[in-house]
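Listed below are the residues making up each chain.
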Amino acid sequence: MKIKFLLMILILNFPYKIFSQVSTDAKSIFKMWLFLDKMNVYQRNPKTTIKDDSLFSLFENVTDFKLDTLQSKGFDRIGYQFYLLHLNNLKILKDLNEDEAQSLLIFTGKFDSVIIGLNSKTGKSYRLLGFNGNDFLSFLIDITENNSINNEGISQKKFFNEFKVEKLDFNCLNKALKDKNLDRRKYPCLIRYSDPIITH
Amino acid sequence: MIQNFANIDPENFAKVDNLTYKNKSGNEINVDVVVKGGITGEHMGGFTSLAVNSTTGNISGNSINITISANFGISSNVLAHEFGHSFTIASNPVGYKDAFSVGHNCQDPANRNSFISKTAVDWQERFDDLRKARK
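First to last, the sequence lines map onto chains A and B.
Residues in the first sequence are numbered from 135 upward in steps of one, following this note's numbering.
Residues in the second sequence are numbered from 31 upward in steps of one, following this note's numbering.
The following block holds chain A by itself, in its conformation from the complex (with noise of 0.2 Å):
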């Protein structure tokens, strides 16, 4: 009798358990993003290294930042925040020997800015400033496409004209991310962090 009475507690209380903790951790998101994003890098004398779940785990465990959270026109009453991550003031918790260093460690050029919009309904998250790959152009999909203010749809002409979010240029991505020639000189916007450090 109490184990059937058991079994029914934790079946009543399961999906309620998994509905109630649907929510977007931007940090987490960043992480992921962060990890992905990172390219693997020759070593002289390299261990077996796999970019798999125990090293994205390693990777999660060792890393720590504040986000911050930056100021948007439009984007509340649809359910986006964004957030900017200085990768330069990302903290290490455990000291690396070179192999982990190597694996784990966030390389930059002069550009140290990552910027990532977030879909606190969906859940969907965009790559918007300084990765290696730019979102912008299913970020502008979706938001056109699958959202709409006081039954109104939003349109391309209205998210440029009414949509802003402080350090994002949506008319310089929405150019560039058309161009075929993605020239970075030409489009700032498509700067990335992994961008080295040239002299000459």
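Treat the hints as calculated values from the structure; they're not laboratory data.
Any given hint might turn out to be false.
Said to hold, decoys possible - Computed cross-link-like contacts, BS3-like style, restricted to lysine-lysine with a CA-CA straight-line distance of at most 30 Å: (1) B/Lys54 with A/Lys172; (2) A/Lys185 with B/Lys66; (3) A/Lys185 with B/Lys54; (4) A/Lys244 with B/Lys148; (5) B/Lys66 with A/Lys320; (6) B/Lys66 with A/Lys244; (7) B/Lys66 with A/Lys314; (8) A/Lys258 with A/Lys161; (9) B/Lys162 with A/Lys244; (10) B/Lys148 with A/Lys200; (11) B/Lys52 with A/Lys225; (12) B/Lys45 with A/Lys244; (13) A/Lys185 with B/Lys52; (14) A/Lys207 with A/Lys185; (15) A/Lys225 with B/Lys66; (16) B/Lys54 with A/Lys165; (17) B/Lys52 with A/Lys172; (18) A/Lys161 with B/Lys54; (19) A/Lys255 with A/Lys161.
Unchecked claim - Covered stretches of chain B, going by a simulated chain A footprint (3 or more residues, C-beta under 8 Å): (20) 84–91; (21) 128–139.
The structure presented is a predicted model; accordingly, all values stated were derived computationally and were not measured.
Don't be surprised by glycine CBs; every beta carbon is placed ideally from N, CA and C.
Please build the complex by placing chain B on the supplied structure of chain A, with the hints as guidance.
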């Protein structure tokens, strides 16, 4: 070009060939200076590139990369200049990153004794002097 540099300035070549740097934990780490030919575009005859982790002071891949234009002859002083940059980088990778600004021009007299330029121009001039002395 590398062999030519080694013949003319064996002392500085040995420094570059055995280059190490210290990260912020004080660990001494070997760093490779990798030279390749390629397109250098607006960077004139050559450029040196690297990425650094500012928190720990580690260099990406423990490697400093030099690209030299294929249009420059083997006796050019470009490699000496870029090796000089490598030596400065290894002396203080994070300091180098912090001191660097986009558009920095080593050949501008105003930058002659800056942290970024000094050793590079010193090595370039030393190479020129040693090369002349051999003729």
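Numbered hints the structure breaks, given as an ascending list: Result: hints 9, 10, 14 and 15 break, sorted rising.
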